[in-house]
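All chains should be modelled from the sequences, with the hints used to inform the complete structure.
Residues per chain are reported as follows:
Protein chains: 2
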Amino acid sequence: MFEKYKALTEKEAVSYAHSLPGLFAPDAELLNKEIGDGNLNLVFHIADQKSGKSVILKQALPYARVVGESWPLTLDRSRIEAEALKQAAKRVSSLVPQVYFYDSQLALTAIEDLSDHIILRKGLIAGTRYPQLAEDLSTYLAHTLFYTSDYYLDPQEKKEKVRQFINPEMCKITEDLVFTDPYYNADTNSFNPLIRESVESIWNNNELKREIAHLKEAFMTRTQALLHGDLHTGSIMVKEDSTKVIDPEFAYYGPIGFDVGAIVANLLLSYVSHEAHSLEPDKREAFQKWLLETSEKIWTGFETKFRTLWEKHVKDEIWLTEGYVDDILLQILRDTAGFAGCKMMRRVIGLAPVADLELIEPAEVRAEAETNALLIGQQLILKRKSLHKVSELTDIARQVLGKGLTVK
Amino acid sequence: MFEKYKALTEKEAVSYAHSLPGLFAPDAELLNKEIGDGNLNLVFHIADQKSGKSVILKQALPYARVVGESWPLTLDRSRIEAEALKQAAKRVSSLVPQVYFYDSQLALTAIEDLSDHIILRKGLIAGTRYPQLAEDLSTYLAHTLFYTSDYYLDPQEKKEKVRQFINPEMCKITEDLVFTDPYYNADTNSFNPLIRESVESIWNNNELKREIAHLKEAFMTRTQALLHGDLHTGSIMVKEDSTKVIDPEFAYYGPIGFDVGAIVANLLLSYVSHEAHSLEPDKREAFQKWLLETSEKIWTGFETKFRTLWEKHVKDEIWLTEGYVDDILLQILRDTAGFAGCKMMRRVIGLAPVADLELIEPAEVRAEAETNALLIGQQLILKRKSLHKVSELTDIARQVLGKGLTVK
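Keeping their order, the protein sequence lines are chains U and R.
full-length UniProt numbering puts the first residue of the first sequence at 1, with every later residue one more than the last.
full-length UniProt numbering puts the first residue of the second sequence at 1, with every later residue one more than the last.
Since the hints were derived computationally from the structure, they do not count as laboratory data.
Note that the coordinates shown come from a computational prediction; the quantities given were computed from them, not determined experimentally.
Treat each hint with caution, since some may be false.
Where chains are identical, the list cannot tell them apart; a pair therefore holds if satisfied intra-copy or between any two copies.
[As the list claims (entries may be wrong)] Lysine-lysine pairs mimicking DSSO-like chemistry, simulated, CA-CA at most 27 Å apart:
| id | residue 1 | residue 2 |
| --- | --- | --- |
| 1 | 172 | 161 |
| 2 | 312 | 172 |
| 3 | 172 | 315 |
| 4 | 383 | 90 |
| 5 | 297 | 122 |
| 6 | 11 | 172 |
| 7 | 86 | 312 |
| 8 | 312 | 244 |
| 9 | 305 | 385 |
| 10 | 244 | 33 |
In structure tokens:
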């Protein structure tokens, strides 16, 4: 249909959708909305007014939409995303959107319309609980990560996958915006002027930055499993009884704790933000409790499922040494804490804020939530090597908000 | 000259060498010797009897020569080797053989003839000291490793190099023969029956195997720098005033300590072997002392040169945090000990023995040296996390041989 890449207009997107085999009837009446609210892509929602059938066309732009054409960005992320979704579908098909079609020429993917779901971040801001969330996310994590690791794959097949998912430009964004810029006075930073003192204390904390350097190196050099790579609550769609993980365009081989930590960080950002939100006090407390319990259940569910997969599949004589899987899981817990800490701090100090905090008014109240996020983030990093169980991780959050610790 | 791959006969190798541009005169009288004594390749030494000019043609066979055609092996290792030599030549051109020509069709490299050097292992067995060795090897290690790591390279360029050097089949050999098979009753093992008790105590040492599992995972998942990947004393050629590192066909992105550890392991194997060798007692003691001092000087030279490169080149705000380079170097020292431990044990228990030990007769005396190698190997692994300086590493060897420790 197109001989070379071009960003589709809304009209072209409709024609394109119409031409996809087996999707819409010849007489379909297609209505198109461009709904991309992310930072990087065009997203068209195309629905047939007659049959009710619909599809999402997601097209990568050759630059970062959030900044403009001055920040060029590889179209290869579209291939990475389509292939990562395919990988995930092999293991947890109900937890990712279906990919109907991938067009490498246009860097475009036709995927399942999830309009009956909402972005988890929005649900959490509204104080909505999702009873299925911990179960689904722990399954997603354990299965997508275990099955792409050396613990499961033939080592030669794994190395081919490492090659397939080398993703330099997207990783560079994370290396800069999560692991470097927030921790010194970088131009990309943007934070509430009221918290400058807290931010500067981070810039001056040598011990903290030394630990962040280790976490950055781990992100850059540990090919433990195929990660989603950007697993915040804006990359998860939910409804009461369904969870879908979307947008794996940052996928690459990295440390497992980076994905787990992304979820935990964003639940903890929600946790601190609700201290300031307008929910009634009782409802607020209960919701915050649910957030921490959900974080814990995601970890314990992940751990249990990972162990089950380990026991079923690991054949290597050395991997099978008693205690080794315990060491790995403990390392992942500590990595989770460390990466979660970076991800919390970068959302307060760095280029890409989160709505959970941004929506808090006035600025003084927002500053309090932001300061709490920074405190929790720092503690997660500095205390991670002494953690032994997930309740010690969530206790760091409880403690900063003065909520009393888990009974041990 | 050849349209598809074929293993060259000696006669074909001569014609091939003659046809290389700019090497031999039209009337050259070429004499060819096949000198491959390694496990994997054909190696032709081709010299012009008139001019004295010579060249080495190294051709990969599509199987492991040591086992035969039943063990197929990728010809791609020939590309890896040529490209790794080119990488190293950019930084330490005097420490690697010059590559004249690479023929991807034939999986053949034409390289500088180093017949005036001898294999370091042979020199060490004869008790020869090489005054330049520590200086040269520490330079080789610091420069080849630092300049291919994320500490130096643009992160995107580094990821492209990771892709370029993905080397699944060669890594698989190491994964099996260094990190797995020696530690259980595998078919590939082959050891002196007199040391069965020591070997079985390793097979039954859960704590040890758990640590080896971590080292194996580090080998498989940490893309810290472009390694040589097989840096034993058979991959190093020497003469009085020259050192050349050859044969990087196992090159891939892995943990820096694996290369440093390979050298240390082989110096320590020489150290234990000389306890049994026929040198006069005085000469023996002095040579053993030189071996440990050389190990220490390789480390301290590596550390000093790595720091110099770090100070000169590292620009990343987070890498520059005070103390971070100390952490990295300490981690490399501990990795060095751990990997050296595995490499010592595998040479005693596993498929590929070393001449240093193999040449010891009678079997009872050999068994003593082998047992010492196993003891040192185990201690290096189990004590590595408490090491702070290289003399503590070499003290492990001194202690096992009852030689008294370094004065601290």
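Hint check:
Taking the shortest alpha-carbon separations for residue 172 and residue 161, both the intra-copy value of 19 Å and the inter-copy value of 15 Å come in at or below 27 Å. Taking the closest pair of Cα atoms, residue 312 and residue 172 come within 27 Å of each other only across two copies (23 Å); inside a single copy the shortest separation is 36 Å, beyond that limit. Taking the shortest alpha-carbon separations for residue 172 and residue 315, only the inter-copy value of 15 Å comes in at or below 27 Å, while the best intra-copy value is 35 Å. Neither within a single protomer nor between protomers do residue 383 and residue 90 lie at most 27 Å apart by alpha-carbon distance, with minima of 37 Å and 42 Å respectively.
Taking the closest pair of Cα atoms, residue 297 and residue 122 come within 27 Å of each other only inside a single copy of the chain (21 Å); across copies the shortest separation is 60 Å, beyond that limit. Taking the shortest alpha-carbon separations for residue 11 and residue 172, neither the intra-copy value of 34 Å nor the inter-copy value of 52 Å comes in at or below 27 Å. Taking the shortest Cα distances, residue 86 and residue 312 sit within 27 Å of each other inside one copy (23 Å), while across copies they are farther apart (44 Å). Taking identical chains as interchangeable, the C-alpha atoms of residue 312 and residue 244 lie at most 27 Å apart only when both belong to the same chain, with a minimum of 26 Å there against 47 Å between chains.
Proximity of residue 305 and residue 385 under a CA criterion of 27 Å is satisfied intra-copy only: 23 Å inside one chain copy versus 31 Å between copies. Taking the shortest alpha-carbon separations for residue 244 and residue 33, only the intra-copy value of 21 Å comes in at or below 27 Å, while the best inter-copy value is 65 Å.
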